[in-house]
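> Below are the chains, spelled out letter by letter.
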Amino acid sequence: MKKLIIALAASAALMGGFSTGAQAQEKKKVCFIYVGSKTDGGWTQAHDLGRQQLDKALGDKVETKFLENVPEGPDAERAIERFAREKCSLIFTTSFGFMDATVKVAAKFPDVKFEHATGFKSAPNLATYNSRFYEGRYIQGQIAAKMSKKGVAGYIASFPIPEVVMGINAFELGAKSINPNFKLKVVWANTWFDPGKEADAAKALIDQGVDILTQHTDTTAPMQVASERGILAFGQASDMIAAGPKTQLTAIVDTWGAYYIKRTKALLDGTWKSEQIWDGLKDGILTMAPYTNMPDDVKAMAEETEAKIKSGELHPFTGPINKQDGSAWLKAGEKSDDGTLLGMNFYVEGVDDKLPQ
Amino acid sequence: MRIELQKRANVSTLFSIISPLLALLLTLVFGAIMFWLLGKSPLGSLYIYFVEPLLEVWSLHELAVKAAPLILIAVGLAVCYRSNNWNIGAEGQFTIGAITGSILPVLYPEWHSWAILPMMMVMGVIGGALYAAIPALLKTRFNTNEILTSLMLVYIAGLFLDWLVRGPWRDPKGYNFPVTKSFQVEAVLPEILDSGRAHWAFIFAIVAAMALWFMMRFMLKGFEVSVLGQSERAGRFAGFSARRMAWFSMLLSGGLAGLAGISEVSGSIGHLQPSISPGYGFTAIIVAFLGRLNPLGIIASGLVLALTYLGGEAAQAALQISDKAARVFQGMLLFFVLSCDTLIHYRIRLILAGGKTAEARA
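So the protein sequences, as listed, match chains A and B. This note's numbering applies: residue 1 is where the first sequence begins, and numbers increase by one. This note's numbering applies: residue 358 is where the second sequence begins, and numbers increase by one.
With the rest of the complex left out, here is chain B (with noise of 0.2 Å):
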């Protein structure tokens, strides 16, 4: 007996739509189940969970300092998914952006200019995009998987950051740990608001959403990256090229990444140091396939993701229950929304032992 999977004929428009909502409830209905196998009230768990940490001024701050950087990720990512190009190494990204942009800061520390800011975010960009252009590189050269090179790459760049701040980096004056000095104050991106902590890393994250929100629904690039997702064939014969596609997405995520990575040490930070992101890059392909691939999505599913973050420091405070209660449910989110996904396009069809197609194929 073997479990296959099938191709509907038809697809249920409503269940794709409410398919993200229904990971949710899942997710809570397990993590309901989860708190109560923990011996804490399920419904007051949830509470402090999902709903306290709304309530307060600079916890919704805190919020979107943790969902800034999982939404300028993730956006970059769906378009790039969107167009079959497949970067799963926006971490390295994000890391190597970081980098880049802290070059000004960490070796002209005297510098005060207002130029300097936005020195670093390009540089952040750059950098970002340049990194994701080894995989875009290999792919359209040597035709390399880019899920292998892109992951692959983040481990690299995660060193390099280490290297660099034990070594040539290190703050001379910080007791020999491995931090960089801290920024100048032109060098750190203000905060929006003098309610809390957010900073403009957020307003970038919405900005990059909402354009990239009106290249996928009104312009010919969209077109171009959904067209030659679905099909590169029918791609071709529109003229349009699989190559410069799996260039111009890729840049494009590596470069949000990279925004990412500068925006997170300049203003939450304020550092280099040897870890820099609690996995942002992996977390943000939870938030892009929650979003549905949609920008607009992508800012409510980044939002829900770092409320996960928020809430699970919540319930270890207020509750005392274990910080890896988090994780589980940002892995539940994902395994629901894959699945509930999965259940939407295919049927499963159970195939006893002996049947005619199993025997052919044996």
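One chain only, chain A, in its complex shape (with noise of 0.2 Å):
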């Protein structure tokens, strides 16, 4: 018993001193909170691996820390405030889900720097981050009207929230670019992440006739049916492609790791401000997977389309645009404001299904 307590005490001590060395570098620390595994192959490991890019880029200047699977609620507030308490100085919080938490910590912690992602309120000292992801869905629904046979694919939706309608808009529209009858089932997941839900799902589309299909949840596991299937699919959120070498068309790859880098910079600069920060395939804060399993023609259109937003020639909510019920929303040549999309609570017309509401 007197040896187990000495050895207690020598690994105190051991800890302390460790603690003490890492204090007298001064590196600031940065820290993320994620709703999932970090290798759930999808909307997490795409943070994660920002995270990894941040600290190669400036690993001698910060450190960062994770917690992973932290669940939306009471578990969040002390998950984040476990890291305000920690002498983190910047904490990223990657789910929707984390916006009341964070901005109850961030009220009690003015002096820590904040960034929920995807979410809409702010404070001095919490910013907001989001990507256009609506951008490379509607290259996806083109590619998908080349590509389709039936003219038909299906759609993984996760929670009928603004963003997800959006992305659902998008894919239609762009398909209809292409093939002005292309129809769009979906399906709703009602999760993120859910490997076994998302597979169901992706059976039920593929059972109801649809030959491409297209996720926003966080899993491989539908482009893993689809590829047992012997259909076409876009991976989501991270390159899909070791789960469908044959499958996927392309992906959008959320690549977080730029931003992170540039509100990193900020902060040691001491630059830093709340912002309401929402960038598009131009910033690099979301990629294309190379397009495979496609004809050059196919791949030509998409790197056209691609070159086109980027340059901001195109944008993909540009009217003549009618909604679901073929009443008019955007007139010829209109394009949607910002505002419009964030709070998006109607389908366009061709998608078929009813919006939850």
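Hints were generated in silico from the structure; no laboratory data involved. Think of the CB as a built atom: it goes at the ideal place given N, C-alpha and C, for glycine as much as any other residue. Honestly, I wouldn't trust all of these hints.
Below, a sample of chain B positions facing chain A; criterion: calculated Cβ distance under 10 Å [claimed, not checked]: (1) 415; (2) 423; (3) 531; (4) 535; (5) 542; (6) 625; (7) 626; (8) 627; (9) 631; (10) 667; (11) 677.
Got two chains here, each in a separate frame; can you build the complex from them with the hints?
This is the structure:
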């Protein structure tokens, strides 16, 4: 027993030594809260890759930390507060559901900087950041219309929030720019991360006759189902080519690294400001995975659209666009403003689904 | 060859008392081995896991937040299990209590009165108790196994909550997210002290534990629980009714689980959402057994289990080991508690093939 106590005391002393050593270097801590596992192959993995890039780029000046699988709710508040108390200088909370928890903790710790992904509540020390995923979805829609034999694609959606509805609409608009009769079937998985449910949704859609699959959920399960059934699919958040080498057409790859490096630099220079940032393809916050499993002309078309979006020549939400019920939304040549997109709660014409209200 | 459990003639009192401590120690030893296998310093990891969360005030508050629902549910379950009624569905009663308790703030968000909070709590208790009344009725009326019925009702409750927050109770201004409106200030269970997030649920838990301890120790009802739990026949001779006891214990444990549900939603979350519990109703079963089905023991064991949640997070932050470590700890703890208890009451006997007993039964 005595030996055990000595060993305990020794190990405690050892750890004390370690922590003072770390403090001596005075690295700033940049911390990340993840909703899923950092190896989910999708959303969270993309954020973690961003964190690793940050480590590589600024590893001599900052130290990064993360907590994964943090449930949205009271546990999130505790996890964020833990990081604030552990002297993190900048905390990224990487899920919409962390919004209220981040707001609460940010109010308690005015000296700590917070950045919340995809939310809409900000404060002097709380910025928000988001990516114009819909730009990539428009390109996917065009590819789908070219590649689909039946003219019907399936969309595995998570929650009917504006972000997701916007993506569905962008996909349909892209597809209709090629094939005006293109139809889109939607299944609501009501989860961001659940391989079982996502696979079931994929199977249900394929059984309904779709021959292209796309998803707004985070795991590679739909990609795997698509390759088993021999149809084509798009990856989400991370490049999912490993899950479907003969299946993936392209993927919207979230490349948060550039953004994380930019904001951490701003923190180090003292120029960090609370902003509401909504970057797109041109800023490098999202990139398209290589265009694969498609003929050269389709690839050329996709690359051209991508270039046009980057240059600002093409805005996916440009009229004439009708709402699902056939009523007019945008006149010819009229572009949607960001506010309407961020609060989007209606479908455009051609989506074969009733939006859950 | 086979292995048989044989009842011991004499049960060692000493070992009965130290059994939970023994289980805890074994968990620590095997936890250390796990950390070692993960390539971390075992003692350093255990320190971060089990000691560090106790060194700071805010973290103690978080401990109370986590322990409160566990203790509230577990003390009710303890009485239930002592009386030989096996309510496994506390998670469902927790959920229904949270729903019935939330009726007022969800439907009357403009009602600003101090009266709303006590009414919510009472409605939560009633909801949980009524939900537990279903397995009680099935058991007393049709002799249905309450383990099965109460467990299956958990999933019904969870799906009902899911439907509510995605459908009729969804916040119309919540961007279609499956959450209800945030409760008005008057409907939020206040914090006990300014120094942290611990709220009144912890006080409810301590009061409930004390009250049930008093009942079990000094009141006829407690004696009734024990007698009927040990032998229904003996209880009948004393004029106790096993049927009434099934009702009493199920309603009691259901009501407390319901109270835990509404206080968690009101105090910690502030609105309803599809998932309101990381499995408190099931973890509370471990808490009840680790506390030897004694309400005071359960206060201690509830704090220990809450510590495994916090420690898991601390270890993840400091050592970057998987959050699954906390689950492994909880699983090991239950395993060792149950196996220690089994080995106190039974001895293991090896029966070789061809032995007489084996033949006779084959």
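> Does each hint fit the structure? Answer for all of them.
Hint by hint, here is what the structure shows:
1. This hint holds: residue 415 of chain B has a C-beta 7 Å from the nearest C-beta of chain A, less than the 10 Å allowed.
2. Taking 10 Å as the C-beta cut-off, the interface hint given for residue 423 of chain B holds, the closest approach to chain A being about 9 Å.
3. Among the interface hints, the one on residue 531 of chain B holds; its C-beta lies about 9 Å from the nearest C-beta in chain A, closer than the 10 Å criterion.
4. Restraint check, residue 535 of chain B versus chain A: the minimum CB separation of about 7 Å is within 10 Å; hint holds.
5. For residue 542 of chain B, the interface hint is violated, since its Cβ never comes within 10 Å of a Cβ in chain A; the closest pair sits about 14 Å apart.
6. For residue 625 of chain B, the shortest C-beta to C-beta distance to chain A is roughly 4 Å, which falls under 10 Å, so the interface hint holds.
7. Because the beta carbon of residue 626 of chain B sits about 5 Å from the nearest beta carbon in chain A, less than 10 Å, this interface hint is met.
8. At about 8 Å, the closest approach between the beta carbon of residue 627 of chain B and any beta carbon in chain A falls short of 10 Å, and the interface hint on this residue holds.
9. With a least beta-carbon distance of about 8 Å to chain A, the hint placing residue 631 of chain B at the interface is held under the 10 Å criterion.
10. With a cut of 10 Å, the hint placing residue 667 of chain B at the interface with chain A holds, because the nearest CB-to-CB distance is about 8 Å.
11. For the restraint placing residue 677 of chain B at the interface with chain A, the shortest Cβ-Cβ distance is roughly 7 Å, inside the 10 Å limit, so the hint holds.
When held up to the earlier numbered hints, the structure conflicts with hint 5 and nothing else.
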